[in-house]
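One line per chain: the protein sequences are A and B, in this order. First residue of the first sequence: 1, per the numbering used here; consecutive thereafter. First residue of the second sequence: 305, per the numbering used here; consecutive thereafter.
None of these hints come from the bench; they were simulated from the model. Remember, it's a predicted structure, so these values are computed and weren't measured experimentally. All residues carry an ideal CB built from backbone N, CA and C; glycine is no exception. What you were told as hints is all true, and nothing was included just to trick you.
Keeping only pairs whose Cα atoms sit at most 25 angstroms apart, straight-line, the calculated SDA-like set for lysine to any residue is: (1) B:Lys647 to A:Ile298; (2) A:Lys302 to B:Pro396; (3) A:Lys165 to B:Ala429; (4) B:Lys419 to A:Ile162; (5) A:Lys302 to B:Asp361; (6) B:Lys419 to A:Asn240.
These stretches of chain A come out as covered by chain B in the derived footprint (C-beta under 8 angstroms, 3 or more residues): (7) 156-166; (8) 169-179; (9) 184-198.
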Amino acid sequence: MISQIFSLAFLAQTIRITVPYSLASLGGVYSERGGVVNIALEGIILNGAFCATVGTYYTGSALFGVACGIAGGLLTALIHAVISIHIKADQIISGIAINLFAVGITKFVLEILFQSSSNSPRIAGLPHIHLGFIENQPDVANLLGNPLVLATIFIVIASHFIIFKTRFGLRLRSVGENPEAADTVGIGVTLYRYYGVLISGALAGLAGAWLAFDQHSFTDGMSAGRGYIALAAMIVGKWNPLGAAAACLLFGFAESLQIQLQGGGLPTQFIQMIPYVATIIALAGFIGKAVAPGADGIPYEKEK
Amino acid sequence: MPYAIELLNITKRFARTTANDDITLKVESGSIHALVGENGAGKTTLMETLYGLYQPDSGRIRIHGKEVSIRSPHDSIRLGIGMVHQHFMLVPPLTVLENIVLGAETTRYSLLDLKKTTAEISELAGRFSLSVPLDEKVENIGVGIQQRVEILKAIYRKADILVLDEPTAVLTPQEAVQLFKILSELKEEGKTIVLITHKLNEVMAISDRVSVMRKGKIAGEVETAKTNPQELAQMMVGRPVLLRVEKAEKKAGEPVLAINDLSYVDRRGISLLKKVSLEVGSGEILGIAGVEGNGQSQLVECIAGLMKPSSGSITLDGISISGLTPRDVFARGLAHVPEDRIKRGLVVEMDVKENLILGLHNQPQFSSRLAVNRKSIMDNARFLITKYDIRPVDPDIHARGLSGGNQQKVIIARELSRNAQVIIASQPTRGVDIGGIEFIHRTLVEARDAGKAVLLVSADLNEILSLSDRIAVMYDGRIVKVFPNSKVEESELGLYMTGSKGDSQMKAVGS
Chain A
1 MISQIFSLAF LAQTIRITVP YSLASLGGVY SERGGVVNIA LEGIILNGAF
51 CATVGTYYTG SALFGVACGI AGGLLTALIH AVISIHIKAD QIISGIAINL
101 FAVGITKFVL EILFQSSSNS PRIAGLPHIH LGFIENQPDV ANLLGNPLVL
151 ATIFIVIASH FIIFKTRFGL RLRSVGENPE AADTVGIGVT LYRYYGVLIS
201 GALAGLAGAW LAFDQHSFTD GMSAGRGYIA LAAMIVGKWN PLGAAAACLL
251 FGFAESLQIQ LQGGGLPTQF IQMIPYVATI IALAGFIGKA VAPGADGIPY
301 EKEK
Chain B
305 MPYAIELLNI TKRFARTTAN DDITLKVESG SIHALVGENG AGKTTLMETL
355 YGLYQPDSGR IRIHGKEVSI RSPHDSIRLG IGMVHQHFML VPPLTVLENI
405 VLGAETTRYS LLDLKKTTAE ISELAGRFSL SVPLDEKVEN IGVGIQQRVE
455 ILKAIYRKAD ILVLDEPTAV LTPQEAVQLF KILSELKEEG KTIVLITHKL
505 NEVMAISDRV SVMRKGKIAG EVETAKTNPQ ELAQMMVGRP VLLRVEKAEK
555 KAGEPVLAIN DLSYVDRRGI SLLKKVSLEV GSGEILGIAG VEGNGQSQLV
605 ECIAGLMKPS SGSITLDGIS ISGLTPRDVF ARGLAHVPED RIKRGLVVEM
655 DVKENLILGL HNQPQFSSRL AVNRKSIMDN ARFLITKYDI RPVDPDIHAR
705 GLSGGNQQKV IIARELSRNA QVIIASQPTR GVDIGGIEFI HRTLVEARDA
755 GKAVLLVSAD LNEILSLSDR IAVMYDGRIV KVFPNSKVEE SELGLYMTGS
805 KGDSQMKAVG S
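Kindly produce the complete structure, drawing on both the sequences and the hints.
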C-alpha cells in the first residue's frame with residue numbers, strides 16, 4: 001500500500017502541483033518584500049493561463065505561449081501596481097477587484113474567441129528536454145525534462161540570491177521594511193515597489209502558463225484558489241524564497257496524497273480536506289511566528 | 305572662514321502654515337552650529353529642505369560657496385551632506401552593515417561585496433571611535449548604538465556636512481557625553497556639524513555658534529561664548545522664561561499611594577516589573593527616572609488599571625485598587641496623564657470640549673440617563689480653556705488641530721479637574737515647547753502644594769531633577785535607587801539608569 005502511494009508517479013504528481021504554487025508564491029515574496037500585498041496573484045495566474053492558451057493556440061508555438069502568459073501576468077500586475085503604489089488605494093481591495101475582474105474577462109474573451117464560456121480548444125504541451133536517464137519511466141522523465149520545471153528550480157534558487165545577496169534585493173527589502181529610511185538614502189521607493197509587483201506578475205503569469213500547458217487547454221476559473229494557497233505558502237515560508245518553495249512542496253505533497261488516497265475506502269470529503277488542513281496547521285504556527293515586512297501593505301506618503 | 309552651508313531666503317509653505325519664512329542661515333566650515341527653537345519653529349523642516357526631502361517654495365542654497373539645486377537626498381548625499389534624523393532612518397530587520405551600505409552598495413559580479421565593505425567600515429569606525437557590531441541586526445541593538453550607525457552611514461557616504469536632529473533625545477547622559485566626544489572629533493577632522501536641539505545646556509556645551517528659530521523665522525544668531533541659556537530661552541519663546549521651577553521645600557504628608565512587591569509578567573513570560581515597592585505621600589512629587597522601556601510604562605499602567613499586575617498590591621488611601629477597571633480606579637481618586645497622548649490621552653477626532661470630559665462623561669452634571677448636557681459641557685470647556693491657557697480658545701476645534709503642548713494641556717486640565725488625590729504624570733512634557741513646559745511644571749507643583757500625591761515618570765532628567773521631592777531610578781523592571789531629595793548629579797543618576805550602579809532591589813518607601 002505504502003509503496004503504491006509513494007511511487008515515482010506520486011513524486012511526479014507532487015512536482016506537477018508544486019510548480020505553479022512555487023512560482024506564484026515566489027511572486028508573492030517579491031511583491032511583499034517590496035511592501036505591496038498582492039492577493040491579486042489569483043487573478044494574475046488566471047490571466048496568465050488564458051494568455052498562454054490564446055498565444056499558443058494562434059501561433060502554434062509553446063514558447064510564444066509562455067511569453068504571452070508572462071505578458072498577461074505583467075499587465076495584470078501593472079494594474080495592481082498603479083492602484084496600490086500610485087493611487088495608494090487599499091491593496092486588498094485592489095487585489096480582490098482584480099481577481100473578480102480576471103474571472104469575468106477571461107470568460108468574456110473565451111466566448112468571443114472560441115464560442116464557449118467554459119473551455120478553450122486543446123493546445124499542445126511544452127516540448128521536453130531529453131534527460132537520458134529514467135527513460136523507462138516516461139511520465140517522470142517528461143516531467144523532469146519539462147523546461148518549466150527546470151526553470152522553476154532555477155528561479156527558486158536564484159531568488160534566494162537575488163533577495164538576500166544582491167544590491168537589488170537589499171534595496172527591495174529596505175523599501176518594504178522602512179520606505180522612509182530607503183528614501184533618505186536616495187532609493188526610489190516607487191520604482192522598487194513597481195519592480196517587486198511586476199516581478200510577481202511575471203512569475204504568477206508563468207504559473208498560469210504552466211496550468212494551461214499541463215491541462216492542454218484553458219478552463220474557466222482554472223486558477224482554483226492557487227493564488228491564495230501560494231500566499232499562505234509565502235507566509236509559512238516567512239517571506240523567504242526557499243521557505244516559500246518548501247511550503248509549496250508540502251502543500252503539493254498533501255494534495256497529491258489526497259489524490260492518491262481517493263477511492264481507498266476513506267470518505268472522499270475527508271480526504272479532500274487534507275491540503276487545507278495542512279495549510280491551516282502550517283499557518284497556525286508549528287513553524288513559529290512569521291513576521292511580515294514592516295511596511296507590507298502600507299502605501300508610502302512622502303510629504304506628510 | 306568660508307561657509308560650508310548658505311541657505312539664502314528659504315521659504316517653505318505647507319497647506320496651512322509657513323514652516324520657513326524667508327530664512328537665511330550661514331554655517332562656517334569646520335564649526336558646530338546649533339539650531340535651536342521650540343517645537344514647530346521650523347528647524348527640522350529647514351534641515352530636511354537642505355537634505356532634499358522638501359523642495360523650498362523660494363530661496364537658494366549654496367554648498368561650499370557653489371550654488372546648488374537639491375531635489376532629493378540623492379543630490380544632497382552627492383554634495384557631501386549627511387543627516388541623522390530624530391527618528392532613526394534604519395531598517396530594523398537588516399544588519400548594521402546592510403543598513404550602512406544601503407543605497408551606496410559596492411558589488412562584485414553583481415553580488416554585494418560585503419567583505420570589502422566590512423574592511424572599509426571597520427577602518428572608519430576605528431578612526432572616529434564609533435564601534436558598532438556590524439553583523440548584528442539593527443532591531444537587536446540599543447538606541448545609542450543605532451545612532452552611531454546613523455553617523456557611520458553618513459560618513460561612509462563621505463559626508464563632510466553632518467546634520468543631527470535632536471540627537472540626545474533618546475540617549476542616557478553617558479551616551480550623550482560619548483556622542484559629544486564623537487562630534488568634537490568629527491569637527492577636528494574638518495567636518496561641519498549642524499545640531500538641532502532644544503536643550504540649551506547642550507548648545508552651551510558643544511556649539512560654536514547658535515541660531516535661534518521662532519515661528520518659522522530666524523529670531524537671532526549669536527556666538528555661543530557670548531550668550532547664556534536665559535538669553536537663548538527668551539529668544540526662543542519671545543518673552544522671559546523661568547528655566548528653573550520655583551518651588552518651596554515642603555515636607556511630604558501621609559502616604560496616599562502605596563505599592564508593594566508589584567510584579568508583571570507579560571504574555572511571552574518576560575518579567576517587566578520585578579517586585580516594585582514605592583510610596584507617594586500627599587504633597588510630594590516622586591520622580592521616576594530611567595531609560596524608557598525599563599518598566600515605567602508597565603508600572604503606570606498597572607496603577608491606572610490598564611494592565612493587571614501578576615502579583616503584589618496597590619493601595620490608594622489604604623484601600624486596594626489592584627485589578628480594578630480604570631473607571632473604578634479613577635472613581636477612587638486617581639488621575640492619569642498617559643505617556644502617549646494621542647493613543648491614550650485623547651480622542652483626536654473629537655473636539656476639545658468632548659475631550660475635556662472623557663471619563664467624566666457619565667457624571668450627573670454632564671449627562672442625564674438619556675442625553676448629554678451640552679450647556680454644562682460647554683461651560684466646563686470654557687472654564688478649563690481659560691484656566692489652563694489652552695490655545696486656540698475654541699471648544700469646538702478637533703483635538704487633532706492643536707499643537708502638542710496644547711493637547712497636553714487639555715489632558716492635564718481634564719485630569720486635574722477630577723480633583724483626584726493621586727496624579728500620575730507620565731512624560732508630561734514630551735514634545736511640548738518651552739512655554740508649555742513652564743506652564744505644565746507650574747501646574748504640577750501647584751497640585752503638590754495643594755496636597756496631592758504626584759507620581760512623575762519622565763525620561764527627561766532635567767524635568768525629574770527640577771520637579772521631584774524624591775527620585776526613584778528604575779532599571780530592568782526594578783527600583784534600583786531612591787534619592788531622598790533632588791540634590792543629585794545627572795551623571796550619578798545616569799549610572800543607576802544604565803545599571804552600572806545600584807542595589808538589586810530598593811524599596812521607595814518612606815521618606
